[in-house]
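Participant: Letter by letter, the chains look like this.
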Amino acid sequence: MQISVTVNGTTHESDVEPRTLLVHYVRENLGLTGTNIGCDTSSCGACTLHLDGEAVKSCTVLAVQADGQRVDTIESLAIDGVLHPMQQAFMENHGLQCGYCTPGMVMASIGLLNENPNPTEQQVRLGLEGNLCRCTGYHNIVKSVLACAKGAHS
Amino acid sequence: MSITEERRAAVIGTPMLRREDPALLTGEAKFTNDIPIPGALYLGVLRSPYAHAKILSVDVSAAMAFPGVVAAYGGADLTALWAAPMPCAWPVTADMKNPPHYPVAVDKACYAGDAVAVVLANDDRVAHDALELIDVRYEALPAVIDLEEALSDRVVIHAGAGTNKAYTWDLKCESHEGAVDEAFAAATHHVKERYIQQRLLPMFMEPRACAAVPQPFGGDMTLYSSTQIPHILKVMTALTLGIPEQQMRVVAPAVGGGFGGKLNVYAEELLCVALSRKLGVPVRWNEERAENAMSTIHGRGQIQDIELAADADGKLTAVRVRLIADMGAYLQLVTPGVPLLGAFLYAGVYDLPVAYDFSCTSVFTTMTPTDAYRGAGRPEATYAIERAMDSLAAKLGIDPLELRKRNFIRKDQYPYTAFSGLTYDSGDHLAAAEKAAELVGYEALRAQQATQNVDAGTKRLGIGVSSYFEMCGLAPSRVLASLNYSAGGWEAATVRILATNKIQVVTGATPHGQGHVTSWSMIVADKLGVAPEDVDVLHSDTAISPLGLDTYGSRSLVVGGVAIAMACDRVIDKARKIAAHQLEAAPEDLDFIDGTFSVKGSPDRATPLAAIAFAAFTAHDLPEGVEPNLEAHVTYDPPNFSWPFGTHICVVEVDTETGHVDILKYVAVDDCGVQINPMIVDGQVHGGVVQGLAQALYEVASYDENGNLRNGSLAEYLVPAASDVPSVTTGHTVTPSPTNLLGVKGIGEAGTIGAAPAVINAVVDALSGLGVTDMMMPASPMTVWNTIKAAQAGSTTGGK
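In the order they appear, the protein sequences are chains E and Z. Quick note: the first sequence, position 65, residue 64 per numbering that gives the first Met the number 0, numbers continuous. Quick note: the second sequence, position 108, residue 107 per numbering that gives the first Met the number 0, numbers continuous.
Note that these hints are calculated values from the structure, not bench results. Any given hint might turn out to be false.
As the list claims (entries may be wrong) - Coverage of chain Z stretches by chain E, computed from C-beta distances (three or more under 8 angstroms per stretch; other residues unrestricted): (1) 500–514; (2) 518–528; (3) 680–687; (4) 721–735; (5) 757–766.
In this text the structure is predicted, and so the values were computed from the model without any measurement. We put the beta carbon where it would ideally sit given N, CA and C, even for glycine.
Just chain E, same shape as in the assembly (with noise of 0.2 angstroms):
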């Protein structure tokens, strides 16, 4: 199928299979290795990007459900070399070991800030229980997502 989606701001025409998963087009079609796959049951939200500004996880978005839409992924966020303001808040307070959670982690992370820009530490924890991390005990993502959101950066 012919679908018209905008990656990262440029627009891509692609003829895709039906069943191709949004996950599979952005890393296969695209190159954008960044979005990770962690898991077959959109558990683990390691696939985590932004769908017309809206944090999903691409494993349960059909390639084709993104046509005519804007997807963002985690290599949008750093512009001419200088991070994120979450990517930052990340590395600040080593919000990450392995690092293969990462990616969707921060996309989730600015979602959860875009509907809630001041959230408790609660409001993360539950905001964020989508996204399955195994190296941090989650401590530090916590302490990070908090971090960006008192505006250090913003």
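On the provided structure of chain E, position chain Z as indicated by the hints.
Facilitator: Positioned in the frame of chain E, the structure of chain Z alone reads:
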């Protein structure tokens, strides 16, 4: 600004931000399945749906006819590819049974997930589609999932072995023959408990992936793999496939977690290399999460019977342990050794007379093979002794923390020769325990508990203490030899100063989230007086780092990092000779401070390391007998393990009406000696603690009676989310290790080792007024509720 003008502050000990992070945060880092490999075929693996079955026939013809499929094979078609069975590097006893294990089963499948056929296709999804067209006929055999039933040999899994018992391994340490029996006969208090270490799934976030890229005419083979152990994998691939080792290269790109689950030699790695050699094209494989749950090793899986003998004051006088350890269907790389890594720790941090009797019998079952999982044997041991100490405290009617204080090895006893003959390097257990008690507000909590846990109360407060010991930094090669491990425990390091005074470090450790690049840069920066960002750390590629023994067992810093420091010293020694030549002084008359050599007492007679580096590069004027360039290579074999320790205290509130456990506070005081980067140390503790409390509260690989894994997905297997876990309050004491140059100890596994008993001790403590004396892991609401009901009915406790 030149280095001579800059007085550098020490970098070691500061929370320097990680140099690894920008690439990982932006998606720039390449994990194995991010690497484009033109022309690669995709491997699909068909797995047995039966836990135990004869394979009657495998028909791949329909799969072969599927568009996009290039080849398909059953196990019998591939036997010529294997020079040897899959490797087990730890034959713990001479008579250990090690049934032959091949990447694809031929006659029999021995666990649900055992590979029975493979497909190669030009697309990953085509490969998976084609798997469904392979027709395998099975004759189902009875599953064996209960460890004691397995030992009965009513159903023998491996006919060639003749028994399901893999081995029995003993560690009996007595001051004189009969000392243990005498101690138990004379004991005022005797505790006898059985604990179950449930099977766990490692569930690192990046599923495994590998890709073999051949050079059919050049002769070389490169294997990219999401592995913790590229160096060991290189040797084992060469041996298993009959490839000359010098032609084998293994690369571990960015690796998304491991926790022991990537400390192995897996069927899919061997299949990719062997099939890529056979066909002369690249072959790659990406693990799906459902496959991961079945085909990646599992952790834990033990029945522990522990007995403590104690005198009237509660001082331990003897420990007796009988383990049954679940090997799963086959022995993977270090499967049989895991119980041995815990065998020395069932007396914990306590001063025990030489009266210790440990025996482990390991048994095959028709489940996924077990192997090392974060802590590997040591969390199991710590759980048993720390739970049993709480039982002993209950018998004595004293506070569990007080009982521990009575038994701690005292600071003035260090270095301490243990019952086993091993020497513990350094420790101050009392200080760590007191710090943890202070941080948590122990006395106040006990007072609150006394008023809160009244008979009618449904929200009960529990406080759990766990004082752990870890034996890590694997390991002195001679000790490994005495345990029959087939390899050594050294680590290699190269430090090279380039012409422009930038530093290249090559390490044999293999990071997958631990921050080695950052920590190694910090060590080099302080040693050589350079900025950390001037140091590049090369790793995880056997062509660049040919020697190494990789990352596991909290060994990277204690062995690999110390090797880096030693290599720096050797480079300085060589640079000193050149500097002395330039300054016309004797080498021993030079100071080396902040990257500058100067003559003692004449600081203006000085030359910076940068100048020496360039002089070593041009080699125009070197002293007699000194070779060009500044480079040193060190292979360091540690003289001892490192022995980190600490006390964790967990505070819970248990709802007796729902069985829900709410962790109110978690305090971890860990002592890992000198900390290179306290930010990274805390991160390791946070993650480790959550992995340990996940065992306590959430995780179990649950099998049905037919040997099917019931919860083999992240939708069903409860890896905790952010909302399931508390923040962790960390504290530290610092007792440097006297056995290494940096004074460091491992920290990668400590959190996991300390956590599970702290949590369960807290849960049992909360419910002790209701007659509950034990709690099965995971302490799910259902288990907790059932245990409360059973205790109230006066029957057995613990949910067993």
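Participant: So, for every hint listed, does it hold in this structure?
Facilitator: Here's how the hints hold up against the structure:
no. : hint    : in the structure
1   : 500–514 : holds (count 4)
2   : 518–528 : violated (count 0)
3   : 680–687 : holds (count 5)
4   : 721–735 : holds (count 6)
5   : 757–766 : violated (count 0)
In this structure, the earlier hints numbered 2, 5 are contradicted, and the remaining ones agree with it.
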